[in-house]
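J.: What follows is the residue order along each chain.
There are 2 protein chains.
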Amino acid sequence: MKVTVLRLGHRHARDKRISTHVGLTARAFGASELVFDVKDTHVVDSIERITKDWGGCFTVSYTPNWRKYVSDFNGERIHLTMYGLNVNDVMKKVDSKKDKLVIIGGQKVPSEIYKMVDFNIAIGNQPHSEVAALAVFLDRLQAGKELGGKFHGKKNIIPQAHGKKVVEDKINRGINNLTGK
Amino acid sequence: MKVTVLRLGHRHARDKRISTHVGLTARAFGASELVFDVKDTHVVDSIERITKDWGGCFTVSYTPNWRKYVSDFNGERIHLTMYGLNVNDVMKKVDSKKDKLVIIGGQKVPSEIYKMVDFNIAIGNQPHSEVAALAVFLDRLQAGKELGGKFHGKKNIIPQAHGKKVVEDKINRGINNLTGK
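Top to bottom, those sequences are chains D and E.
Sequential numbering from 1 applies to the first sequence in the working numbering.
Sequential numbering from 1 applies to the second sequence in the working numbering.
Hints are computed from structural coordinates only; laboratory data are not their basis.
Any given hint might turn out to be false.
The list treats identical chains as interchangeable, and a pair is accepted whether it falls inside one copy or across any two copies.
What the hints assert, rightly or not - Straight-line Cα separation of at most 30 Å, BS3-like style, residue types lysine-lysine; simulated pairs:
#1 164 - 93
#2 145 - 52
#3 39 - 92
#4 145 - 98
#5 39 - 16
#6 39 - 108
#7 164 - 98
#8 98 - 52
#9 115 - 150
#10 68 - 93
#11 68 - 164
#12 2 - 16
#13 97 - 145
#14 16 - 108
#15 154 - 115
#16 2 - 145
#17 92 - 145
For reference, chain D alone in the conformation it holds in the complex (with noise of 0.2 Å):
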């Protein structure tokens, strides 16, 4: 299964941080892909630089016209909206073998996607974050199992229960340097 993520109305005055944090959070929790409707050449630049240090083969993309790239989408599309069904009674419906297309909005998204989508779901019917949302449905499509996933980049870290280790691996210099503090 493949997970896309796209990301709809961007605000370049408001949304830098958040739709950084939804980039961010659509890697680490295993999708592949995150694609905007809106260019935003700073956000793109904070992922892929993520990325490039902590590895992961994750892409970010624009996409000129969402309604073709939501109709044309081969697998299962779901919106995340506090407006649809709980995802405590619909997750069983989701198939966790078809590739996904999880589409995540701002404050407004625009009414037609609605019923272009398999699913509506709600991560709770109250208001809260599309990072929140995003990060939840994620974890329950996987079963928790994305947040064991390897990412063999330069930099990983060696979980501690009371400190920081990080592993930074110098390709250039063709060594491992262990830092810690």
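Fit chain E to the given chain D structure using the hints.
T.: The following block gives chain E in isolation, referenced to the frame of chain D:
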């Protein structure tokens, strides 16, 4: 089990929307209280406006001394950090009956926090978002039950497969008004 979220290191210029998302996520995922170590009335107002309309018992407050606040907390102290032990490995050790203080920082948190808590838990050992980390931790902690909670607000959503429906309880006029589109 009562859950309090402590948000460390909010920055006025950069973090208004992220901290607002933290607050709304804490509320929607069953926490009772959000505590900041930095005052920002704009963020507090945004969160309280949502609580006023959508219900629930959720408070936002400020502590001038987060070290004392953490030390004095009566319950389990959990710091969410990508450097910690992976949630998939450590969650079984967390006591689902004791009150919880869930601590989230921004990019930089004081290093002493790692020693002050009972658990440093990583929602995956990759960089992503404190909003995502908080949501997934609270979802795992409460086994998803928090997303079925009732908030008894002025506004309540009637979950829909393909549309929006909100019941507005207009208390002052003593009527229920069903709106949808």
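J.: Work down the list of hints and note, for each, if the structure agrees.
T.: Structure-based check of all given hints:
In this assembly of identical chains, residue 164 and residue 93 lie within 30 Å of each other by CA distance solely across copies; the values are 20 Å between and 40 Å within a copy. In this assembly of identical chains, the alpha carbons of residue 145 and residue 52 lie at most 30 Å apart only when taken from the same copy (23 Å versus 37 Å across copies). Taking the shortest Cα distances, residue 39 and residue 92 never come within 30 Å of each other, neither inside one copy (35 Å) nor across copies (43 Å). In the homo-oligomer, the alpha carbons of residue 145 and residue 98 lie at most 30 Å apart both inside one protomer (17 Å) and across protomers (27 Å), since each shortest distance falls under that limit.
For a Cα distance limit of 30 Å, the shortest separation of residue 39 from residue 16 qualifies both inside one copy, at 11 Å, and across copies, at 23 Å. Both within a single protomer and between protomers do residue 39 and residue 108 lie at most 30 Å apart by alpha-carbon distance, with minima of 18 Å and 29 Å respectively. Taking the closest pair of Cα atoms, residue 164 and residue 98 come within 30 Å of each other only across two copies (26 Å); inside a single copy the shortest separation is 38 Å, beyond that limit. With identical chains, the CA atoms of residue 98 and residue 52 are at most 30 Å apart within one copy only, with a shortest distance of 28 Å there and 40 Å across copies.
For the identical chains of this complex, residue 115 and residue 150 are inter-copy neighbours only, at 27 Å across copies versus 37 Å inside a copy, given an alpha-carbon limit of 30 Å. Taking the shortest Cα distances, residue 68 and residue 93 sit within 30 Å of each other inside one copy (25 Å), while across copies they are farther apart (47 Å). Taking identical chains as interchangeable, the C-alpha atoms of residue 68 and residue 164 lie at most 30 Å apart only when they sit on different chains, with a minimum of 23 Å there against 45 Å within one chain. In the homo-oligomer, the alpha carbons of residue 2 and residue 16 lie at most 30 Å apart inside one protomer (26 Å), although the nearest pairing across protomers, at 33 Å, exceeds that limit.
Both within a single protomer and between protomers do residue 97 and residue 145 lie at most 30 Å apart by alpha-carbon distance, with minima of 14 Å and 26 Å respectively. For the identical chains of this complex, residue 16 and residue 108 are neighbours both inside a copy (16 Å) and across copies (19 Å), given an alpha-carbon limit of 30 Å. In the homo-oligomer, the alpha carbons of residue 154 and residue 115 lie at most 30 Å apart only across protomers (27 Å), although the nearest pairing inside one protomer, at 43 Å, exceeds that limit. Proximity of residue 2 and residue 145 under a CA criterion of 30 Å is satisfied in both settings, with 14 Å inside one chain copy and 28 Å between copies.
In the homo-oligomer, the alpha carbons of residue 92 and residue 145 lie at most 30 Å apart both inside one protomer (17 Å) and across protomers (16 Å), since each shortest distance falls under that limit.
Of the numbered hints listed earlier, the single one contradicted by the structure is hint 3.
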